[in-house]
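A.B. asks: Everything in the sequence shown is counted per the numbering used here, starting at 42 for the first residue and increasing by one.
These are calculated hints, taken from the structure and not from any lab test.
Quick reminder that beta carbons are idealized off the backbone N, C-alpha and C, glycines included.
There could be a bad hint or two in this list.
Claimed, not checked - Label-pair restraints from in silico Cβ distances:
#1 P95 - I703: 54 to 62 Å
#2 T575 - V525: 21 to 29 Å
#3 G93 - V525: 58 to 66 Å
#4 I314 - G200: 25 to 33 Å
#5 N432 - G313: 49 to 57 Å
#6 E138 - D951: 53 to 61 Å
#7 I703 - G93: 56 to 64 Å
#8 D447 - K573: 22 to 30 Å
#9 S593 - N186: 53 to 61 Å
#10 L238 - A993: 44 to 52 Å
#11 L185 - N433: 32 to 40 Å
#12 E138 - T791: 51 to 59 Å
#13 T791 - T575: 40 to 48 Å
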Amino acid sequence: MKAITFRPMWIRLVCMVFSCLLIISCFQNLDARASGITIAFPNSSFEDAGTGIPHWTTHPTYGQNTATVSSERAYTGLKSMKMVDTSSTASLARVSEKVSITENEEYTASTFAYIEQGSIDVWLIFYNGTTETIIAPTGVTPTLNQWTKRTITAKAPAGTTQVAVMVYSSLAAVTKAYVDDVSIGQTVRNAGFEDSLSNTWTVSSGAAVSTVQKAGGTFSLKLDDSSPTTVSTAESSKVTVYNGTRVGATAKIYASSGSGLSIHLLFKNDAGIVLKDAANDFTGIASQWTPVSVSATAPSGTTTVSVYLTTGITTSMVAYVDDVTLDRPIEYNLGVQIMNNPLDVAVFGKDASGNTDLMYVGSSGFPSKLVVYDARTGELLDDRDLMVDPNNTKIEAVWGMTVATDKSVYLGTANKKTMFRYLPGTVSTVNGQKVITGSSLVPITLPTGMDVIWDVTAGSNGKVYGGTSTGGKAYQYDPAGGTVVLNSGLPIVSGLDFVRSIAYASDTEVYMGMGPTSNATIIRFNPTNGTKTTISPANYGSKFVLGLDYISNGSASRVFAQLSAGPTLVLDSTTGAIASSLSDIDSRGVSMKHPSDDKVFYTKGNNLYSYDISTAAELTLGDVGGSAAGYTFLTDAGNTYLYAALKSGKILKYKLAATPTIDTTTSFVIPESVTKIRSLVKGPADNIYTSGYLLGGMGIYNPDTSEEKRYKGAGQAENMTTMGNNLYLGIYPGAWIKKYDTTSTWNVTTNPSLLFQDIDDTPYKQDRPFGMLAEPSMNRLYVGSVASSGNNKGSFTVYDLSTSQQVTTINDIVYHQSVISLAYKNNKVFGGTSVYGGISSTVDATEGKVFVWNTTGANSTPVPQFVPAPGRKVISDLIVGPDGKIWGLAEGNSSGNSSHDTTADLFIIDPNNPDAAHTTVYPDKFSSIPVSWQGGKMVVGNDGNVYVSIGAKLYGVDANSANKDAVSLIGAGVTQLTTDKYGDLYYVKHEINLYKYDK
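Given these sequences and hints, build the entire structure.
C.D. replies: If you want it as structure tokens, here you go:
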């Protein structure tokens, strides 16, 4: 929140037009925070559409040019009011519905405006019967092409009973602008001390209006407390408020000498008795204007609130106060932050007529997409969002695709037990444009335990086979007969939870890549009788086989196996003997065999390669500009071509001839899809940074300008931390650490740069860096991580950023637990753990712990560690609280008491004596939901409170209360949490949208 308010200093220009008194306000129309104790009025955010603009009207004096509800731009939600004033001799205005007010009280109105041309201002119209008193601001030069707040404050004239907001484009301006989130509310009288203190502020001796210092205007309030045994105080006018209302106040302070000032909210009942005194101390720098804030929730019985400022009774101080605000918080939906359009997998087929070659692309997102193109021209023919019932639940990843013998396309997807079947229609040309009609997309629900379909492969007679997790099962699907779980419904290999890849050879021969294991496991399985043979070679060390391709070639048939941490192996399909080991293949498997010889094709980097099965010879064919995600062979004018969908957005046409040619001139465009937000942090330049789930990408939101930037790449950051101009990202998979230099241009390959990648392999086997802490005193980065699939030994790693070297990694620093949260205080790093290790790993610990690492002295193992909250499995967050102690969240329940299943504890550790005896637990303080690694988050507000996102809710915690009283601020849908330099809160709702809580 920007603590700027505006003074009711007016030059009165009296003109009687339609019983109207016009008053021009001479204070600047600058950005400000929420509009006082807000009063609701309809369609304030223009989400209601209908005839004209529902609940908004024109004004007979101030112009009736075009204004409409528009979805072209929105500050929050989906819509705004678009105002177009094409005349420099006519004005444009729209007026809200009237709301009731009290005479002589002060009211603030505001709106957010995106001005492309001209100007937009917000006016107030006060009503005494049919007589209008219009308050207009002095004009300021507008900021163009970004959302800015336009605000005005004025006192309701005597006799007025109602007020309306008028949004106005002036007579001389030619304007195109969008307006959103209009608000109005009552605030304290004489907030800038430009008027007499009489009937506005109640002050003690030593308090008086002064011109010596001022944040704006001409005057401020001086609090002169020269004695350590007295105080100087000032209390604002009372504003009506009721129990359960969240209220925030801010004042600008100029500390001339001494210390001890505090700001208070006094909640009172009808009798004027103070029911609650919420306070926060001023800790700003002397001799400069610094805001101080306080926030609290009105207790039962409250009817009014006032702002109270006081110096300390045991200290002396001279301070100046200005620009006091009193507000209710407003929640803003800042919308989607990250978009992606990846090419995850591609397959080729034909339309229903058999006359048009089609290219199918699976693109992960939220929701994921199936996109259909003309394979020869790249023209987009169909774009389907992948969603399932109930409530159109979004599919978040496409893992595998195949084309069946009946032309149907099947997609294996993530987390919802759903395989999709697309039946292509017929392509035709309508009005010169190709269209496909008669297509259908059908979700197929698999049995319980087959949550993720990693890969699918086409069999005979329209059948397909699929490999799944987390039960380690495979299935056959027949459109005529439905789903059959292979191996009599049992896991293909007992103890292995993933069938990560699958390839069909015949009805009696299907190959499956299993995991996670210490050595890549490949099974040849007979679906007709359940027999299986392991054909994987020893000593390759990969956890998974990411891809399998069966290439029929008589007695020299081959299985190409793409290992997760190693080469692509070419195996004899009968014996499992290694025919070749091919390094650095980055394409989606290999092509089918050449129509007339024994070659298959694939890419490494930007280069196309061939591999001859007969001779085991590999040949470089040339630069094609990207890696391939799927292949086919097509004939054109008597020549055969290899077609491939490239991740660069090009279709490769490689002519198979004595003199081959490479053609990548045909492009295709994948429509963007929303990406879920995985992590959130305040970073360099006080911007708000978000990282995308699964696909990566980054969103950057500027709280000062509301400007948003979106970038692709970098990977999924499980957490981020910042130091100086650098943002450090903990990337999954592989626990890679990247550095984003925010002063340089984003570049997918070079910025963010890869800083460390030394804890993903043996002996550490780390995968998910949830604990991320940059500490400037020693220029070090501390990383806590979750192990890879099948492993439960988390790690704690120290990196020296000065030398870009790993200082140490302590594997299994807390026995069989993951390290997911970190905080620093007094030369100690405090680490919080989870009993849950990598996916499919054994859980044999019962309670999450806190360990302590000495940053300046020697450490020995085991490091000091203790259980801060008995009966809790996950220490989801650690921070330094407003009292200088370590605050933590403890979730999960191992106590045996089921009442703790849906609650979480708050605990506070004395950093000078970090052990269980010096830890205070506040049990069952919050609601909770099941958590493994990523749970609650905390931040310290500039009002002295602690704010907590946990159990899908947002809480405010009164840090000064004995029991750390917590109130729910937002009741559903909340994850993640950070704060900006103004103290406003940012969090994620509904997994994809960034929200701002302007408190």
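A.B. asks: Given a hint of 51 to 59 Å, does the C-beta separation of E138 and T791 actually sit inside it?
C.D. replies: This hint holds: roughly 54 Å between Cβ atoms.
A.B. asks: Look at the Cβ atoms of S593 and N186 and judge whether their distance stays inside 53 to 61 Å.
C.D. replies: Given about 60 Å between the Cβ atoms, the range holds.
A.B. asks: Range hint 58 to 66 Å: satisfied by the CB atoms of G93 and V525?
C.D. replies: holds, 60 Å
A.B. asks: Quick check on a hinted range of 49 to 57 Å for N432 and G313, using CB atoms only.
C.D. replies: For G313 against N432, whose Cβ atoms are near 50 Å apart, the range 49 to 57 Å holds.
A.B. asks: Is it true that L185 and N433 lie within 32 to 40 Å of each other by Cβ?
C.D. replies: Distance hint for L185, N433 holds at roughly 38 Å.
A.B. asks: Taking the CB of L238 and the CB of A993, does the distance hold inside 44 to 52 Å?
C.D. replies: At roughly 46 Å between Cβ atoms, A993 and L238 fall inside 44 to 52 Å, so the hint holds.
A.B. asks: CB of D447 to CB of K573, is that within 22 to 30 Å?
C.D. replies: holds, 28 Å
A.B. asks: Indicate whether the distance between the beta carbons of E138 and D951 respects the range 53 to 61 Å.
C.D. replies: holds, 55 Å
A.B. asks: Verify the CB-CB distance for I703 and G93 against the hinted window 56 to 64 Å.
C.D. replies: This hint holds: roughly 58 Å between Cβ atoms.
A.B. asks: Quick one: are T791 and T575 within 40 to 48 Å, going by C-beta?
C.D. replies: Roughly 42 Å apart at Cβ, these two residues keep to the hinted range, so it holds.
A.B. asks: Holds or violated: the 21 to 29 Å window for the beta-carbon distance between T575 and V525?
C.D. replies: holds, 23 Å
A.B. asks: Lying within 54 to 62 Å: is that true of the beta-carbon distance P95 to I703?
C.D. replies: holds, 59 Å
The structure agrees with every numbered hint stated previously.
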